[in-house]
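Participant: Required output: the full structure, derived from the provided sequences and hints.
Residues 3 to 429 (our numbering) make up the sequence shown, in order.
Incorrect hints may appear among the rest.
Here are the computed lysine-lysine pairs in the DSS-like style, where the Cα-Cα straight-line distance is at most 25 Å [said to hold, decoys possible]: (1) Lys392 x Lys406; (2) Lys372 x Lys261; (3) Lys402 x Lys371; (4) Lys140 x Lys90; (5) Lys90 x Lys52; (6) Lys176 x Lys129; (7) Lys176 x Lys51; (8) Lys241 x Lys358; (9) Lys231 x Lys130; (10) Lys241 x Lys387; (11) Lys52 x Lys387; (12) Lys52 x Lys231; (13) Lys371 x Lys392; (14) Lys387 x Lys406; (15) Lys387 x Lys402; (16) Lys90 x Lys51; (17) Lys387 x Lys399; (18) Lys358 x Lys387; (19) Lys96 x Lys130; (20) Lys261 x Lys225; (21) Lys176 x Lys130; (22) Lys231 x Lys241; (23) Lys392 x Lys372; (24) Lys392 x Lys261; (25) Lys371 x Lys399; (26) Lys358 x Lys399; (27) Lys399 x Lys52; (28) Lys231 x Lys261; (29) Lys399 x Lys372.
None of these hints come from the bench; they were simulated from the model.
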Amino acid sequence: MVLAAVRRGAFFGALSDRLAENREYTREKSDAMQEYLWTAGLNRRNEVKKSRAQLQEAYDYLISEGLEEDKGKALLDKDPRGLIDLYKVAQNYKLKSGRLSSNILNSAVTMAEGYEAPDMTASELLKKATPDFIEGAKLDPPEQERSFLGKLFGTPSMDEIRYDAYSSEIMGRKGSDIMASVSEPTIRARDTAGGVLTDYTGLGALDPTEIGRLETRLEDQYKANVQTKIDELIVLEGKAQRNEDGYSNADLNGILARKEKLLDIQDLETDNEQMRAAMQNTDIGFGLAQEYYRQYPQMFIDRPIFINNDLLPFISGENTTITEPEQQQDPEVPESPEVSESPEVSEDPILDFFIKEIGENQNPMMAAKKFFNENPPRPEFMTDKIVGIKAPDGTIKYYKFVTKRGLGAPAIVVEEVPLSEITSEEE
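Facilitator: Put into structure tokens, the structure is as follows:
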């Protein structure tokens, strides 16, 4: 009897341990997913806040310049992105011509026949145009095929854990709503049903010949930038092979991978394909296209053959995430916020800034100085003046180029800057 009692005790002790392990596993996975969704929801709200301020600024400017209020509200209602585009075109026109008449401005907006304005204030329409979250799909509970004892003692599947996390309430919304909103644009797209039309002809719109010339020039500049960066990487490749200037074989694989991605871009068939791919490459980025957009937004607006509509939010500055719109990070692994090595857009507002990885015991500030010494920043490009230094533990410090001091071989002066400061400068 004593032996039987011991065996029963051991059996139930093992069951108790198993239950405790299952609870701990479920808690860890659930907490990680909840943390991911909370962070994603907070980031989403911050980005929406920026977009709402941008839209408010555009609306206030156009109304102050004489745009009729009902036309401004119609744009907020049916084409909020069009409102921002009109704002930029109008600003550019006024800068070049020195004036902006209300007649010209109002001629750019036409409300469709039969359009009925909603009974909402401009503030209400603005909030509608920049939703904090969208409604996610309704979730069906995962199929339960385990027996009662299996459910009691077995390890829950990820489907079950994910269902619980997505069904829970976070920041006043379902987790599924937050997940669905992660890559959703922060400003609603134009209503496909129409209701309002914009025509920039009176605002000095570029003629087709001029647009074509600018497009060709932009494609050529991107091709040149790709070749320039390849040449720079070839130099760095040699230094890594010879262990010169702080480079070593540890850097070689990363340099070769970056060069290979750029060579792949050069293998694409058309100049336009090469340009689009270069924009999404972290060594090249959207900076050049953004410069053109600020001067000639007509090059990009409603021209999907030249620029894919998925890329337009990154060029206009509306989208400041690092991944493309259709991609999402798997919340199953929220503890790995590593910078992607694929030729995609970077996260955060620093999407064009280069990230350099360093090894153990390397000084990040010295690495930043070395980077700027080998990659002198162009004065007109803010993105050239920031570099991210990624430590082996995954943390990234950002350094800003300040100046060069001395004669002969001048010393590079840099300063560490927080991400929030970089964000404000980009805006």
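Participant: Evaluate each hint against the coordinates.
Facilitator: Here is what the structure says about each hint:
Proposed proximity of lysine 392 and lysine 406 is supported: the alpha carbons are some 23 Å apart, at most 25 Å. For the hint linking lysine 372 to lysine 261, the alpha-carbon distance of about 19 Å falls within 25 Å, and the restraint holds. The straight-line distance between the Cα atoms of lysine 402 and lysine 371 is roughly 10 Å, inside the 25 Å bound, and the hint therefore holds. Between the alpha carbons of lysine 140 and lysine 90 the distance comes to roughly 39 Å, so the proposed pair goes past 25 Å and is violated.
Proximity of lysine 90 to lysine 52 is assessed by CA-CA distance (about 17 Å); at most 25 Å being required, the pair is judged to hold. In summary, the hint linking lysine 176 to lysine 129 is supported, as the alpha carbons are separated by about 20 Å, within the 25 Å threshold. Restraint check: the Cα-Cα separation between lysine 176 and lysine 51 comes to about 20 Å, which is no more than 25 Å; the hinted pair holds. Restraint check: the Cα-Cα separation between lysine 241 and lysine 358 comes to about 15 Å, which is no more than 25 Å; the hinted pair holds.
With a C-alpha separation of about 43 Å, the suggested pairing of lysine 231 with lysine 130 is violated against the 25 Å cut-off. In summary, the hint linking lysine 241 to lysine 387 is supported, as the alpha carbons are separated by about 23 Å, within the 25 Å threshold. As the CA atoms of lysine 52 and lysine 387 are separated by approximately 23 Å, the hinted pair is consistent with the 25 Å bound. Between lysine 52 and lysine 231 the alpha-carbon distance is near 33 Å, which puts this suggested pair outside the 25 Å criterion.
For the suggested pair lysine 371 and lysine 392, the alpha carbons sit about 14 Å apart, so the restraint of at most 25 Å is met. Between lysine 387 and lysine 406 the CA atoms are separated by roughly 12 Å; this keeps the pair inside 25 Å, and the hint holds. Restraint check: the Cα-Cα separation between lysine 387 and lysine 402 comes to about 6 Å, which is no more than 25 Å; the hinted pair holds. Using a Cα cut-off of 25 Å, the hinted pair lysine 90 and lysine 51 holds, with the two alpha carbons roughly 20 Å apart.
With a C-alpha separation of about 14 Å, the suggested pair lysine 387 and lysine 399 falls inside the 25 Å cut-off, and the hint holds. Between the alpha carbons of lysine 358 and lysine 387 the distance comes to roughly 14 Å, so the proposed pair stays at or under 25 Å and holds. Using a Cα cut-off of 25 Å, the hinted pair lysine 96 and lysine 130 is violated, with the two alpha carbons roughly 29 Å apart. Distance restraint check for lysine 261 and lysine 225: the Cα-Cα separation of roughly 14 Å lies within the 25 Å cut-off, and the hinted pair is therefore satisfied.
Restraint check: the Cα-Cα separation between lysine 176 and lysine 130 comes to about 19 Å, which is no more than 25 Å; the hinted pair holds. The hinted pair formed by lysine 231 and lysine 241 meets the criterion: a straight-line CA distance of about 15 Å does not exceed 25 Å. A threshold of 25 Å between alpha carbons decides the hint, and for lysine 392 with lysine 372 the separation of about 14 Å falls inside it, so the pair holds. At most 25 Å may separate the alpha-carbon atoms for a hinted pair to count; lysine 392 and lysine 261 meet this at roughly 19 Å.
Taking the CA atoms of lysine 371 and lysine 399, the gap is about 13 Å. The hint holds against a cut of 25 Å. Between lysine 358 and lysine 399 the CA atoms are separated by roughly 10 Å; this keeps the pair inside 25 Å, and the hint holds. Proximity of lysine 399 to lysine 52 is assessed by CA-CA distance (about 24 Å); at most 25 Å being required, the pair is judged to hold. In summary, the hint linking lysine 231 to lysine 261 is supported, as the alpha carbons are separated by about 8 Å, within the 25 Å threshold.
For the proposed pair lysine 399 and lysine 372, the alpha carbon gap of about 15 Å is at most 25 Å, so the pair holds.
In this structure, the earlier hints numbered 4, 9, 12 and 19 are contradicted, and the remaining ones agree with it.
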